[in-house]
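Given the coordinates of chain A, assemble chain B onto it according to the supplied hints.
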Amino acid sequence: MIAEAQLSQGPAPHADETFRAHHFETAEQQFAAAKLGMWLFLVTEVLFFSGLFVAYAVFRVLHPEVFVNSAALLDTKLGAINTVILLFSSLTMAWAVRCSQLGQQRGLVLCLSLTIAAAVAFLGVKGIEYAHKWHEGHLWASQYGGPQAGETFDRAGSFFSVYFAMTGLHAVHIIAGIAAIGWLLKRSLRGDFSPAYYTPVDVVGLYWHLVDLVWIFLFPLLYLVG
Amino acid sequence: MAVSSAQTNGQSRRAHEPHVSSPAQLIGIFAALLALTGVTVAAAEFPFGDLDVYVALAIAGVKAFLVAAYFMHLKYDHPLNAVLLVFSIVLVVLFLGVTLSDTTQLAPEVQAAAEASAASP
Numbered sequence: 003m004i005a006e007a008q009l010s011q012g013p014a015p016h017a018d019e020t021f022r023a024h025h026f027e028t029a030e031q032q033f034a035a036a037k038l039g040m041w042l043f044l045v046t047e048v049l050f051f052s053g054l055f056v057a058y059a060v061f062r063v064l065h066p067e068v069f070v071n072s073a074a075l076l077d078t079k080l081g082a083i084n085t086v087i088l089l090f091s092s093l094t095m096a097w098a099v100r101c102s103q104l105g106q107q108r109g110l111v112l113c114l115s116l117t118i119a120a121a122v123a124f125l126g127v128k129g130i131e132y133a134h135k136w137h138e139g140h141l142w143a144s145q146y147g148g149p150q151a152g153e154t155f156d157r158a159g160s161f162f163s164v165y166f167a168m169t170g171l172h173a174v175h176i177i178a179g180i181a182a183i184g185w186l187l188k189r190s191l192r193g194d195f196s197p198a199y200y201t202p203v204d205v206v207g208l209y210w211h212l213v214d215l216v217w218i219f220l221f222p223l224l225y226l227v228g
Numbered sequence: 002m003a004v005s006s007a008q009t010n011g012q013s014r015r016a017h018e019p020h021v022s023s024p025a026q027l028i029g030i031f032a033a034l035l036a037l038t039g040v041t042v043a044a045a046e047f048p049f050g051d052l053d054v055y056v057a058l059a060i061a062g063v064k065a066f067l068v069a070a071y072f073m074h075l076k077y078d079h080p081l082n083a084v085l086l087v088f089s090i091v092l093v094v095l096f097l098g099v100t101l102s103d104t105t106q107l108a109p110e111v112q113a114a115a116e117a118s119a120a121s122p
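Going down the list, the sequences are from chains A and B. Offset between the first sequence (1-based) and this note's numbering: plus 2. Offset between the second sequence (1-based) and this note's numbering: plus 1.
Worth flagging that the hints you see were computed from the coordinates, not collected in a lab. Only a predicted model underlies this, so the values are computations on that prediction, with no experimental measurement involved. Note that the Cβ used here is the ideal one computed from N, Cα and C, for glycine as well. Certain hints may be false.
[As the list claims (entries may be wrong)] 16 Å max Cα-Cα, derived EDC-like pairs, lysine to aspartate or glutamate:
1. A:Lys79 <-> B:Glu46
2. A:Lys37 <-> B:Asp78
3. A:Lys79 <-> A:Glu131
4. A:Lys135 <-> A:Asp204
5. B:Lys76 <-> A:Glu131
[What the hints assert, rightly or not] Partial pick of chain A residues on the chain B-facing surface, computed with a CB cut under 10 Å:
6. Leu42
7. Ile130
8. Asp214
Just chain A, with the same shape it has in the complex:
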């Protein structure tokens, strides 16, 4: 209710023409086009990741026992901590969009900073996990050299190929997200955003939530179902 009251006193949404490209009739049309464009990109992202999910499913159907045994080698606690970190970053990102819609500059800067901090923390936990796997020899394909190598586990490398490909590609998306949110932070400190112009915050937010969505499926499939 407070939000609506604040909004109706402020400038109209999408009224800021400063960043309108000449080929758009209005800033609002530009906003709708930017959102549609981001959603189209997210569709390609879903299909991009789905290739790896299909690889996971095929390996799992062919060698269910390998997945059950290998998944036990992952640290569920670290995976769960990372899930909470990423959900928190989605909350702060959604809150950043709210702040930008309401013209709350300090809140926007705070929320974007928290989102970046959470993303870095996620990568830190991921780094601990990767270092541990490296140390134990739980690596991809033929590089697999864990204690059970060569026994009933001779295909554990397949599981870790899938694990490293999926979490690695996801981590690349986290890094890209940190860069994009860093750009938002720079622009928000410069004062570019207002209730009349917040398209980049909204659109980068959508991307960040998709990165969270992918992890929502990765966490149970890799760490829990075993």
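Here is chain B on its own, set in the frame of chain A:
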């Protein structure tokens, strides 16, 4: 008269008022996501047997719906954006379904061919 026309003008200018999520809604969705994460971790300890994957996927699906509908504003957004996401999910299901049925259908033949080639010198 002047005031009322200014108001009408203001209203038409605000035809596409964006949806602003309230703090209660944002925190409520976050709490639900945390709770569902707890449920999925707890469910993994529970022996569902072959249903494990489907239980995990169902919980992940609910979480994904919450993120897409509320954090990504799809519930309040232009329906075309939601249609695009649903479209991509349909394609993923096709991709997954056809590949898996192919894999399971052909697995015995692949196995037989591998054994035959291993047996021949």
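Do the hints match the structure? See the list:
no. : hint                  : in the structure
1   : A:Lys79 <-> B:Glu46   : 13 Å, holds
2   : A:Lys37 <-> B:Asp78   : 10 Å, holds
3   : A:Lys79 <-> A:Glu131  : 11 Å, holds
4   : A:Lys135 <-> A:Asp204 : 37 Å, violated
5   : B:Lys76 <-> A:Glu131  : 36 Å, violated
6   : Leu42                 : 7 Å, holds
7   : Ile130                : 19 Å, violated
8   : Asp214                : 6 Å, holds
In summary, the numbered hints that this structure violates are 4, 5, 7.
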